[in-house]
Amino acid sequence: MSVDLADIERRDLIKKTLSASTLAMVVASGLVLPRRVLAHWPAEAFSAETVEDVLLALLGQADVEQGHMLNFSVGKPAKHIIDGQSVSIEIDSELEDIERVALLVDNNPNPLVMSLDVTPTILLPLKTRIKIVEGKSKVIVVARSGGQLYKAVRDVRVDTGGYP
Amino acid sequence: MVMAAEDRIRATIRSGNTHIRLLLAHPMQSGRNFDINNKPIEAEFIQDIRCWRNDDEVLAIKCGGATSENPYFSFRLAGGDMGDLIIIRWVDNTGAKGLVKTQVN
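So the sequence lines, in the order shown, correspond to chains A and B. Position one of the first sequence corresponds to residue 1 (this note's numbering), numbered consecutively onward. Position one of the second sequence corresponds to residue 1 (this note's numbering), numbered consecutively onward.
Worth flagging that the hints you see were computed from the coordinates, not collected in a lab. For each residue, glycine too, the CB sits at the ideal point set by N, CA and C. Treat the hints with care, since some could be wrong.
Said to hold, decoys possible - A short, non-exhaustive set of chain A residues, derived as facing chain B with CB atoms under 7 Å:
| # | residue |
| --- | --- |
| 1 | N110 |
| 2 | L112 |
| 3 | M114 |
| 4 | S115 |
| 5 | T119 |
| 6 | T121 |
| 7 | K127 |
| 8 | T128 |
| 9 | I130 |
| 10 | K131 |
| 11 | V156 |
| 12 | P164 |
Unchecked claim - Cut-off 27 Å, straight-line C-alpha distance, at most; resulting in silico cross-link-like pairs (DSSO-like, lysine-lysine):
| # | chain 1 | residue 1 | chain 2 | residue 2 |
| --- | --- | --- | --- | --- |
| 13 | B | K97 | A | K127 |
| 14 | A | K127 | A | K151 |
| 15 | B | K101 | A | K127 |
To be verified - Quick look at which bits of chain B chain A covers, simulated, 3 or more residues with Cβ under 8 Å:
| # | segment |
| --- | --- |
| 16 | 9 to 15 |
| 17 | 30 to 37 |
| 18 | 47 to 58 |
| 19 | 71 to 78 |
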């Protein structure tokens, strides 16, 4: 079977147009643009300087219900913390369908320490470690469940600050 | 003695649920502090940690600079089987990324 010159040229042309149009599509779809990796980090909530501003920025409201639905412990031993660099926190709750949990320290320069987006697969308690400034502070846990915010507060005193 | 920093994860089945313990090797500098020569230490902290079990994203944690150095987390996932794949990905404020994975045993 013979292939004439015109046929080869035709194939070549099809290849070129195909790759050119594919490339144009990829560029147009934004696939080659550098992805904004940090787009979902709530910068406003993390740079807020009061507990109220954090809650407004992170959860859209600051009206919270105090109660015994949330339970958490701070430090080992509790309440009096020697080293603020690494303070263990254990969060537990009887609430069902928790969507988000925020962990705050009111006297830290930026109160918000972390925000956890929780799915129903996650079972509490959850343990972690945080930094707390020297002196007296309130450690605050706020959870959102069914459009309602629940809060729990613990008073702590730290001997050596954690430089958060 | 300085050990080579390494992310660690352990996932085990305990009374029918999956127990995950995670220790990430990261300085978690908030950018507000100074070193011994009084030079500012640049901010370097993990901002986003995500956890998958097999193909499902189950947890997303957003962190600020007040999370302790070498962040530690311990939590449980409802149910689970031996051999489930647990994947953790993290990104810090400088764009550095990490991937940790393990199988439940």
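Review point. Is the hint on A:S115 kept, meaning its closest Cβ partner in chain B is under 7 Å away?
Key: Because about 5 Å separates A:S115 from the closest Cβ in chain B, which is inside the 7 Å limit, the hint holds.
Point to revise | Outcome, coverage hint (the segment 30 to 37 of chain B, chain A; C-beta under 8 Å; three residues) | key: holds (count 3)
**Study point:** Evaluation of the interface hint that places A:K131 against chain B, nearest CB under 7 Å
**Key:** 5 Å, holds
Practice item. Below or equal to 27 Å on CA atoms is what counts here, so check B:K101 against A:K127. Key: 20 Å, holds
Exercise for review: Under 7 Å, Cβ to Cβ, is where A:V156 needs to be relative to chain B, so tell me if that hint holds or is violated.
Suggested key: 14 Å, violated
Practice item. Go through the hint on A:T119 and say holds or violated, using the shortest Cβ distance to chain B against 7 Å. Key: Where the cut-off is 7 Å and the nearest Cβ of chain B is about 5 Å from A:T119, the hint holds.
Review point. Under the criterion that the straight-line Cα-Cα distance not exceed 27 Å, is the pair B:K97, A:K127 satisfied?
Key: 23 Å, holds
**Study point:** Proposed interface contact between A:L112 and chain B, which counts if any beta carbon pair is under 7 Å
**Key:** The hint holds - A:L112 has a Cβ within 7 Å of chain B, the shortest such distance being about 6 Å.
Exercise for review: Would you check whether A:P164 satisfies its interface hint, that is, whether its CB is within less than 7 Å of any CB in chain B?
Suggested key: Holds - the Cβ of A:P164 comes within 7 Å of chain B, reaching about 4 Å at its closest.
Exercise for review: Would you settle whether the hint for A:T121 is holds or violated, based on the nearest Cβ-Cβ distance to chain B being less than 7 Å?
Suggested key: Hint on A:T121: holds, closest Cβ of chain B at ~4 Å, below 7 Å.
Practice item. Test coverage of the segment 9 to 15 of chain B by chain A using CB-CB distances below 8 Å; three residues minimum. Key: violated (count 0)
Review point. In terms of beta carbon proximity below 8 Å, does the segment 71 to 78 of chain B have 3 or more residues touching chain A?
Key: holds (count 8)
Checked against the numbered hints given earlier, the structure breaks hints 11, 16 and satisfies all the rest.
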